[in-house]
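**Q** These are the residues of each chain, in order.
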Amino acid sequence: MKDCASDVEKKEITRRTFLKMATGAGLLAGLTGALAGCADKNPEHAGGKGWLPYQYNVAGNLPAQVRGRVPIDADNPSIVRDDRKCILCGQCLEVCENIESVYGYYNLPVVDETICINCGQCSMACPSGAISERDDTQKVFEALADKNKFVLVQTAPATRVALGEEFGLKPGTWVQGQQVAALRRLGFDAVLDTNFTADLTIMEEATELIKRIKGEVKKPLPQFTSCSPGWIKFCEYFYPELIPNISSCKSPQQMFGALAKTYYAKEKGIDPGNILSVSVMPCTAKKYEAQRPEMNASAAYWKRDNLRDVDVVLTTRELARMIKEKQIDFTALPEESYDQLMGEETGGAVIFGATGGVMEAAARTAYFLITGQEPPALFLNLTPVRGLAGVKEAAAEIPGVGTLRVAVSHGMANGRKILDAVREGRAPWHFVEFMTCPGGCVAGGGQPRTAVPPTDAVREQRLAALYKADASLPKRNSHENAEVAALYHNLLEHPMSELAEELLHTEYHSRADKLERLFAKVV
Amino acid sequence: MGALVDITKCIGCESCVVACRLYNGLEPGQNEGYRTAQDGNTELAPNKWTVIQSHRTEKSEKQIRRFVKQQCFHCLEPACASACFAKALQKTPEGPVVYNEKLCVGCRYCMIACPFGILRFEWDKPFPRVLKCQMCLGRLADGQMPACASVCPTGAITFGERDKMVGEAKNRLTSNPDLYTGQIYGVKEAGGTSWLYISDVPFEQLGFRTNVPEKPIPEYTWQVLRWTPFIFVGWGALLTGMYLYTKRRAGVHEEEEMYAPVDDDGK
Ligand code: SF4
Ligand code: SF4
Ligand code: SF4
Ligand code: SF4
Chain A
478 MKDCASDVEK KEITRRTFLK MATGAGLLAG LTGALAGCAD KNPEHAGGKG WLPYQYNVAG
538 NLPAQVRGRV PIDADNPSIV RDDRKCILCG QCLEVCENIE SVYGYYNLPV VDETICINCG
598 QCSMACPSGA ISERDDTQKV FEALADKNKF VLVQTAPATR VALGEEFGLK PGTWVQGQQV
658 AALRRLGFDA VLDTNFTADL TIMEEATELI KRIKGEVKKP LPQFTSCSPG WIKFCEYFYP
718 ELIPNISSCK SPQQMFGALA KTYYAKEKGI DPGNILSVSV MPCTAKKYEA QRPEMNASAA
778 YWKRDNLRDV DVVLTTRELA RMIKEKQIDF TALPEESYDQ LMGEETGGAV IFGATGGVME
838 AAARTAYFLI TGQEPPALFL NLTPVRGLAG VKEAAAEIPG VGTLRVAVSH GMANGRKILD
898 AVREGRAPWH FVEFMTCPGG CVAGGGQPRT AVPPTDAVRE QRLAALYKAD ASLPKRNSHE
958 NAEVAALYHN LLEHPMSELA EELLHTEYHS RADKLERLFA KVV
Chain B
16 MGALVDITKC IGCESCVVAC RLYNGLEPGQ NEGYRTAQDG NTELAPNKWT VIQSHRTEKS
76 EKQIRRFVKQ QCFHCLEPAC ASACFAKALQ KTPEGPVVYN EKLCVGCRYC MIACPFGILR
136 FEWDKPFPRV LKCQMCLGRL ADGQMPACAS VCPTGAITFG ERDKMVGEAK NRLTSNPDLY
196 TGQIYGVKEA GGTSWLYISD VPFEQLGFRT NVPEKPIPEY TWQVLRWTPF IFVGWGALLT
256 GMYLYTKRRA GVHEEEEMYA PVDDDGK
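Chains A and B supply the protein sequences, listed in that same order.
Under this note's numbering, think of the first position of the first sequence as 478, with each following residue one higher.
Under this note's numbering, think of the first position of the second sequence as 16, with each following residue one higher.
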């Protein structure tokens, strides 16, 4: 090879010379040259003209800081990745491994699926915007254009303190009223509030907690909250033996979906088959949750196949995209209020969007259900479970029962600490809240990417807005929600009634056969 | 040099695919960003020198899924190179089988010769090239691993001297006989390749060509090559026709040069 480097110029056969040869004259001369030819020392070969991020340019097999990225299945219902934008920075992997403790916690080879809890935190950390939610806005636009469809929408607690950021407002700006107005402008037939079912969740979940404590329900303590679908999938993968600890309550989104096509449809006289049930969520895992096969209580209720309780889940970012596409001037919108029947909220529901919120709201109502009295100031501001500490604990006295011990975690790496304690039988708590996303839903995987990666400063501003709203609302306890009371009066009778079990509760199933789990990360 | 792909360690993240594209400056096509389940497996293409193919199959009566990285095997005695009379494809002493586009005449013998069906032709280009993985020889020269191997988060790709890789493969097979099938793909196939694979599922279940002769391919190909001059003229005429056609459509500036008398030194 080396010996012919010098006369490479002469022997090289370019396409032009080849064509000239081939057209006649120089055929033989050229051919011999080609056959004898050899590449030069630095051959002009294809490729190698691009770049790779710095961390990969290490010699040999030295370990690089972060390598690669998370796997995303082509049929992941929550997130997608645009390979043209990926710069292999490794941020997604970092989050998945260290914040959510998913990647790196299962043995290889993979069994038959790509392990992902659909939380979308990777999309929040991706600096190039390569990872995003799976866009479902077209489905909604199509349904809105269809005159025969009754398109109903519910909005999660956490979207109202983040949506404004997509339109240049400061993090944590309260835009509940504008959001309702925008949804009406987009043409939704009913604009309703997930806060209604957040309050309902509390009624069911607090009742279940009391029954567990009293031994009326033969299920173990501590009771785990079940509102965060990423956490549920996480538990099904990694801690299947603790599934009985999870509250059987569906998440507020799914309770809402089930009622939308039963209670709401009945009261309003609408054929449930004509309803498209949409939700606006801060969360990508909700897209996955809505697809779970068991989330079709309305189909069972009406004995009609093909009914899904929630048809389409939009993230906060997708809603913003729809508003922009229709050129609605969001910040100039008036504040409007939600429609009735499933639109009322209390402070307890509002703080569902914060880490510790579900727990705090449940504690308030549990106090009321046990003592029959309104909870004291301590319960209305259960400060130990607020804030961004990874694992939080609190204990509160309930007269006649004793001390209620609770714990709160957010981010599944923090959740593992509690789960390990429970598995080892050294858990003193009655009730534990798990949120998949750090900070809770306010910083969910579908929220505006106001800071990339998300910062605690932004989280704190959004949290503060929720607690401020809670403190200023006339009703702060879920059991005071009059529409929820009406629902029990008109349909469900009482919490955990037979029909309530049918519509509002569910079961979870081990996914342990999908992976060979590791209890600690291999380093 | 050589690489060892341990199929049991691949999670299908396709970091390697993106790394290859970034380092080699391969432009993705318009619709190549998002993939949906309906798109199915991706195939090698002129702008995709490596791909991850996903295979659903069965192991001990359980549904399983495995990911297989595909790229040029960098045969020890490459059929593609022996089929190429223009010497556009050459085996370098370091291991990579390298394609030099300046030498390529576009005859595509190499494509027919390659027992693994790796090479891809730029059908839509006026000056088509035959492209494939180059084993990042520029990076090798700097003592770095190929782009794909350097980004793999799970260590599914190990890179080093080929002998060491064969040793490493044997090591893994013997230290974990319950997991692996015991076969190293690439030790003998086509006379031996620089990319080696080990797996916990028989290779035929994962889309590998298992009918590749063990005798080095060049021993067959020279017989094909004997016919070269004849076909060569035919192709030349066709290519010239194509060339003139595209040139005309493009509104030429090299016209004078093009129609100038052909000089004797071949320039
Ligand atoms: S969605 Fe969550 S679990 Fe899935 S890859 Fe991203 S960070 Fe990991
Ligand atoms: S965070 Fe985004 S850009 Fe970085 S590696 Fe992951 S997908 Fe690629
Ligand atoms: S795999 Fe095919 S293209 Fe690659 S070196 Fe071998 S024969 Fe050539
Ligand atoms: S980078 Fe590694 S783990 Fe990811 S697809 Fe490629 S070989 Fe598999």
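Hints were generated in silico from the structure; no laboratory data involved.
Just so it is clear, CB atoms sit at the ideal spot from N, CA and C, and this is done for glycine as well.
Mixed in with the good hints, there may be bad ones.
Stated by the list, open to error - Here are the simulated SDA-like cross-link-like pairs (lysine to any residue), alpha carbons at most 25 Å apart as the crow flies:
#1 Lys77(B) x Lys526(A)
#2 Lys24(B) x Pro530(A)
#3 Lys526(A) x Pro61(B)
#4 Lys77(B) x Arg994(A)
#5 Lys77(B) x Pro530(A)
#6 Lys185(B) x Val899(A)
#7 Lys203(B) x Ala890(A)
#8 Lys998(A) x Leu194(B)
#9 Lys998(A) x Gly170(B)
#10 Lys77(B) x Glu713(A)
#11 Lys24(B) x Asp589(A)
#12 Lys991(A) x Ile79(B)
#13 Lys74(B) x Leu221(B)
#14 Lys991(A) x Lys230(B)
#15 Lys74(B) x Pro530(A)
What the hints assert, rightly or not - Taking beta-carbon pairs under 8 Å as the criterion, some of the chain A residues facing chain B (in silico):
#16 Tyr533
#17 Ala536
#18 Pro548
#19 Ala551
#20 Cys563
#21 Asp589
#22 Arg662
**Q** Are the hints correct? Go through all of them and say.
**A** Against the structure, the hints:
Restraint check for Lys77(B) and Lys526(A): the C-alpha separation of about 44 Å exceeds 25 Å, so the hint is violated. For the hint linking Lys24(B) to Pro530(A), the alpha-carbon distance of about 23 Å falls within 25 Å, and the restraint holds. Taking the CA atoms of Lys526(A) and Pro61(B), the gap is near 15 Å; set against the 25 Å cutoff, the hint holds. Taking the CA atoms of Lys77(B) and Arg994(A), the gap is about 17 Å. The hint holds against a cut of 25 Å.
Between Lys77(B) and Pro530(A) the alpha-carbon distance is near 39 Å, which puts this suggested pair outside the 25 Å criterion. Restraint check for Lys185(B) and Val899(A): the C-alpha separation of about 43 Å exceeds 25 Å, so the hint is violated. For the suggested pair Lys203(B) and Ala890(A), the alpha carbons sit about 46 Å apart, so the restraint of at most 25 Å is broken. Between Lys998(A) and Leu194(B) the CA atoms are separated by roughly 21 Å; this keeps the pair inside 25 Å, and the hint holds.
A threshold of 25 Å between alpha carbons decides the hint, and for Lys998(A) with Gly170(B) the separation of about 15 Å falls inside it, so the pair holds. Between the alpha carbons of Lys77(B) and Glu713(A) the distance comes to roughly 19 Å, so the proposed pair stays at or under 25 Å and holds. Pair hint Lys24(B) plus Asp589(A) holds up; C-alpha atoms about 13 Å apart against a cutoff of 25 Å. Distance restraint check for Lys991(A) and Ile79(B): the Cα-Cα separation of roughly 9 Å lies within the 25 Å cut-off, and the hinted pair is therefore satisfied.
Taking the CA atoms of Lys74(B) and Leu221(B), the gap is about 12 Å. The hint holds against a cut of 25 Å. For a cut-off of 25 Å, the pair hint linking Lys991(A) to Lys230(B) is broken: about 41 Å separates their Cα positions. The straight-line distance between the Cα atoms of Lys74(B) and Pro530(A) is roughly 38 Å, outside the 25 Å bound, and the hint therefore fails. Interface restraint check: Tyr533(A) against chain B, minimum CB-CB distance 4 Å, threshold 8 Å, status holds.
This hint holds: Ala536(A) has a C-beta 4 Å from the nearest C-beta of chain B, less than the 8 Å allowed. Given hint, Pro548(A) at the interface with chain B, holds; its Cβ is 4 Å from that chain's nearest Cβ, closer than 8 Å. A cut of 8 Å between beta carbons decides the hint on Ala551(A): the least distance to chain B is about 4 Å, and the hint holds. The closest approach between the C-beta of Cys563(A) and any C-beta of chain B is roughly 5 Å, which is under the 8 Å cut-off, so the hint is satisfied.
The closest approach between the C-beta of Asp589(A) and any C-beta of chain B is roughly 5 Å, which is under the 8 Å cut-off, so the hint is satisfied. With its C-beta approaching chain B no nearer than about 29 Å, Arg662(A) sits outside the 8 Å limit, and its interface hint is violated.
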